[in-house]
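J.: What follows is the residue order along each chain.
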Amino acid sequence: MEGKKLNGNESVVRLENLKKSFEINGEDVQIINGINLDIKKNEFIVLFGAGQCGKTTLLKMIAGLEDITDGNIYINDKKSSGFNEDVGMVYQTTALFPWLSVMGNVEFGPKHRGAAKSERRKKAQYYIDLVGLSGFEKHFPVQLSGGMQQRVGIARAYANDPEIILMDEPFGHLDAQTRYLMEEDVEKIWAREKRTVIFVTNNIEEALYLADRIIILTECPATVMKEYVIDLPRPRSMVSEEFLRLREEISRLADARESEAG
Amino acid sequence: MTKKEKRERKKYLLISVISFAAFILIWECVTEIFGLIPPKKLPSPRTIVNVFLYKLSNTNPDGSVLTAHILTSLKESVLGFIIGVGLGVPLGICMAWFEKFDLFFKPLFDLIKPIPPVGWVPIMLMLFGLSIWSKVTVIAIASIVPAIINSYSGIKQMNPVHKWVAQTFGASDRQILFTVAIPTAGPMIFAGIEVALNASWVTLVAAELVAATQGLGYMIQTSRMVGRIDIVFMGVLVIGAFGALFTWLLGMLRRKLVKGGR
Ligand SMILES: Nc1ncnc2c1ncn2[C@@H]1O[C@H](COP(=O)(O)OP(=O)(O)OP(=O)(O)O)[C@@H](O)[C@H]1O
Ligand SMILES: [Mg+2]
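Here the protein sequences come in this chain order: A and B. If you count the first sequence from 1, you need to add 488 to reach the numbering used here. If you count the second sequence from 1, you need to add 1080 to reach the numbering used here.
If you're looking for bench data, these hints aren't it; they were derived computationally from the structure. There could be a bad hint or two in this list.
As the list claims (entries may be wrong) - No farther apart than 25 Å at their CA atoms in a straight line, the calculated lysine to any residue pairs in the SDA-like style are these:
hint : chain 1 : residue 1 : chain 2 : residue 2
1    : B       : K1339     : A       : L621
2    : A       : K676      : A       : N691
3    : A       : K676      : A       : E625
4    : B       : K1243     : A       : V630
5    : A       : K676      : A       : E729
6    : B       : K1243     : A       : G635
7    : B       : K1084     : B       : S1099
8    : A       : K599      : A       : S569
9    : A       : K626      : A       : S589
10   : A       : K714      : A       : D558
11   : B       : K1339     : A       : V630
12   : A       : K548      : B       : R1254
13   : B       : K1243     : A       : P586
14   : A       : K605      : B       : F1258
15   : A       : K529      : A       : E748
16   : B       : K1243     : A       : D649
17   : A       : K676      : A       : D700
18   : B       : K1084     : A       : G623
19   : B       : K1339     : A       : D558
20   : A       : K599      : B       : K1243
21   : B       : K1083     : A       : L588
22   : B       : K1243     : B       : L1171
23   : B       : K1339     : B       : N1278
Every value quoted in this text rests on a predicted model; they were computed, and no experiment measured them.
Isolated chain A (complex conformation) (with noise of 0.2 Å):
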């Protein structure tokens, strides 16, 4: 899509130590644990991890909405420091703006930057049509259900051009049906609009649908466990021989995982 160097190696994310505490009850409690990653342009990561260990926390200090306690982040080479107009993101809650329709929320990014309405019309009705809700653009959110609000969600992320993309956890409240039908076109999407992904769940057939590479979290405090290269031809049968060798192979990591956490 743009005119930059199409090798697909370099290296657009990259977390050097990363590390994160909070400070609950007026103690210092770890919640990320030195992380190091390399992720390279138009990957598609899944950040595979324990329940309330920190997933979001590293997304949103990649997204600059959260301070960095120790460690690097480095986007496209340069030190990440707060917000950064190269990083869009998808939330686990949906986050779309009550009070704009389905075209006010998904040209927010544009709007906001001030391009021209014609412009940012064009913009946002392409991603509308992409996440499929062509003739919802007058709806309000509440009008729609969950899968079409997190359709929403994605389009308005897209409509501002980041480089790199955020899901935290987008499907996590949708029923089985409707979450296989988003992977499918969350891949779709992202086959023909070449992004860096990274993406977080906890549901691992969801994981070696999507990505290039699962990156494994271990129990709080998170650092990278196990990494897998999922090489599997897309779009992927979740049936075939491979898929459920690597599926069983990482729910025993993940349930080994659990018991050592206690």
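On the provided structure of chain A, position chain B with the ligands as indicated by the hints.
T.: Using the frame of chain A, we list chain B with the ligands on its own:
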């Protein structure tokens, strides 16, 4: 609006008209037709309509025609309401958004809040005499309190995720106030304005009962003293009609400004 909603609205309107007509009919029956309640205690609807027409051109017993009373009351209530809401809403927003503002105004506000608005009448009477300003100031105080309380808590309800969304699009604090916090507070602010409107009418009548030479409250009070119960009833109904009219106007404005439901 869908067809079904339109039908529902029609049904609702029909029921309201029927219930209103039935009420008037029963009233007319127990007074004029069967004479169950003497006219000295409860004048019939017919008498009230007649005295309404009579008061349009006659200054007995209180020295002014009805329209003059209405104009005075409207002037006082609308002026007081606009001053109260016009100051209260921005003040509530600022107190919720800027900590310094809050520290400065909170003690003063906590002191004024529990005072019943009518308690100010003697003070204002001494300051402004029988001029409209003794009523305007009391009404302004009556409406500023709910305006502040609701705007304040409306802003405090801002969803932190909405704030993150705006931040990842590069919004400054000031922009977040205008694009996220104030729209969030919209429904609460309107509810506060509605409460303020009610308070302004209630206070108006109470203030005019003791400190006026013209106005609906004054007309009611004078008529009561000379035993004209028909004028008392007519005055009360006129006040009710204006209250209903303003509530309706405000509802229209709210539907125009507050979109999407929460
Ligand atoms: N601002 C904060 N102040 C104090 N503690 C916090 C703050 N934000 C998060 N935490 C704590 O940090 C821990 C990790 O939170 P985080 O939301 O990042 O986890 P998560 O892995 O995303 O959880 P979930 O599985 O519920 O999505 C939690 O115990 C949370 O209570
Ligand atoms: Mg989370």
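J.: Now tell me if each hint is right for this structure.
T.: The hints, checked one at a time:
A distance of roughly 20 Å separates the Cα atoms of K1339(B) and L621(A); the hinted pair therefore holds under the 25 Å criterion. Taking the CA atoms of K676(A) and N691(A), the gap is about 19 Å. The hint holds against a cut of 25 Å. Proposed proximity of K676(A) and E625(A) is supported: the alpha carbons are some 21 Å apart, at most 25 Å. A threshold of 25 Å between alpha carbons decides the hint, and for K1243(B) with V630(A) the separation of about 19 Å falls inside it, so the pair holds.
For the suggested pair K676(A) and E729(A), the alpha carbons sit about 23 Å apart, so the restraint of at most 25 Å is met. Between K1243(B) and G635(A) the CA atoms are separated by roughly 22 Å; this keeps the pair inside 25 Å, and the hint holds. Distance hint between K1084(B) and S1099(B) is fulfilled; the C-alpha atoms sit about 23 Å from each other, no more than 25 Å. Taken as a hint, the K599(A) and S569(A) pair is honoured in the structure, with Cα atoms around 24 Å apart against an allowance of 25 Å.
Taking the CA atoms of K626(A) and S589(A), the gap is near 5 Å; set against the 25 Å cutoff, the hint holds. A distance of roughly 22 Å separates the Cα atoms of K714(A) and D558(A); the hinted pair therefore holds under the 25 Å criterion. A threshold of 25 Å between alpha carbons decides the hint, and for K1339(B) with V630(A) the separation of about 11 Å falls inside it, so the pair holds. A C-alpha spacing of about 21 Å is found between K548(A) and R1254(B), which places the hinted pair at or below 25 Å, so the restraint holds.
The suggested pairing of K1243(B) with P586(A) holds, with an alpha-carbon distance near 13 Å, which does not exceed 25 Å. Between K605(A) and F1258(B) the alpha-carbon distance is near 19 Å, which keeps this suggested pair within the 25 Å criterion. Using a Cα cut-off of 25 Å, the hinted pair K529(A) and E748(A) is violated, with the two alpha carbons roughly 35 Å apart. With a C-alpha separation of about 20 Å, the suggested pairing of K1243(B) with D649(A) holds against the 25 Å cut-off.
At most 25 Å may separate the alpha-carbon atoms for a hinted pair to count; K676(A) and D700(A) meet this at roughly 14 Å. Proximity of K1084(B) to G623(A) is assessed by CA-CA distance (about 21 Å); at most 25 Å being required, the pair is judged to hold. Restraint check for K1339(B) and D558(A): not satisfied, since their Cα atoms lie roughly 43 Å apart, outside the 25 Å limit. For the given pair, K599(A) sits about 16 Å from K1243(B) by alpha-carbon distance, which is consistent with the 25 Å threshold.
Proposed proximity of K1083(B) and L588(A) is supported: the alpha carbons are some 24 Å apart, at most 25 Å. At most 25 Å may separate the alpha-carbon atoms for a hinted pair to count; K1243(B) and L1171(B) meet this at roughly 21 Å. Straight-line distance between C-alpha atoms of K1339(B) and N1278(B) comes to about 23 Å, which keeps the hinted pair within the 25 Å bound.
Violated hints, listed in ascending order, are 15, 19; each of the other numbered hints is respected by the structure.
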